[in-house]
Amino acid sequence: MPALNTLYRDYRDRAAFYMVYIQEAHPIDAGQVGDNLKDDVLVSSTMTKDERMNVAGMWVRNLGIELPALVDEPHNGVERAYTAWPDRLYVVDREGRISYKSAAGPFGFKPSEVQATLERLLPAE
Amino acid sequence: MGMATILSPAVRARSLPVRPDLGGGRPKAKAKGRIILHCSPFVGADITSVEHLEYLERYNTRTMKWFLRGVVALVAVYVTFFGAVALAMLQPPERFGRIMKHMPAPLVWGALPAPRMWLWARKGGLTEGSPAPAFTLSTHDHASRVTLSSHRGQRPVVLVFGSYT
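As you go down the protein sequences, you meet chains A and B in turn.
Quick note, the first sequence lines up with residues 8 to 132 if you use the numbering used here.
Quick note, the second sequence lines up with residues 9 to 173 if you use the numbering used here.
Hints were generated in silico from the structure; no laboratory data involved.
Be careful, since some hints might not be right.
To be verified - Subject to a maximum C-alpha distance of 27 angstroms in a straight line, what follows is the list of computed DSS-like cross-link-like pairs (lysine-lysine): (1) LYS109/B with LYS131/B; (2) LYS131/B with LYS117/A; (3) LYS56/A with LYS109/B.
From a predicted model like this one, the values you see are computed outputs, not experimental measurements.
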């Protein structure tokens, strides 16, 4: 998360940034992992819009996210359109085309590649 | 010493003395070109007769057969496990989570090339250069709604998908 905040601070004037909250990766009812137990991050699958808003709020506060955060609808429309689960990075260029798509997270989640893409897309200062 | 003693079980066969008078002995058996005792406990046993050699060969063939059956069974279990996990990875997230609850996680991540399978299964249809799917979503504090296309012609947009857990 610190890497993303740094990226955001460095490029926020020249690019728009959004965190998009999608369905939980390791909720207690499916796929709970030891690290979350250790850190006391215990969350059920978020089914309703209110649940999503609640947990997304906790997510932003507890992880210290500085980027603006959006919340996917309960039917997971955006997650499915982008094959985003459990986490993934995209850069969309000015023409609305996908300029960078990371490999599926967690293995493919590499903020440094976003930075390289932005350097390519943005005119030199 | 009669034939019954010669055709005795493995442990005793090892300790049998060479009995040339019963037509035995390693040189003779070798001369017949029939020693193929690669993986039996009889390697090194003194062959004391043609019957003894035939007995050892039968044992050897049987052992080999069971060994091969074991290998085939292991391969079948591995392929089935691989297929089941790959199929689970192709399911929507919530179903994948439910299936994985019943899978032995250390085996999935330890015995299978799971990260590579995951990257393949979650590749997705979008490619670089294709139009980004349109969306309008609320901010987490209900303050406003954001439409992706509102940035078109102005600034690149970085999207970071994720969740709390």
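Hint check results:
Between the alpha carbons of LYS109/B and LYS131/B the distance comes to roughly 23 angstroms, so the proposed pair stays at or under 27 angstroms and holds. For the proposed pair LYS131/B and LYS117/A, the alpha carbon gap of about 16 angstroms is at most 27 angstroms, so the pair holds. Proposed proximity of LYS56/A and LYS109/B is supported: the alpha carbons are some 25 angstroms apart, at most 27 angstroms.
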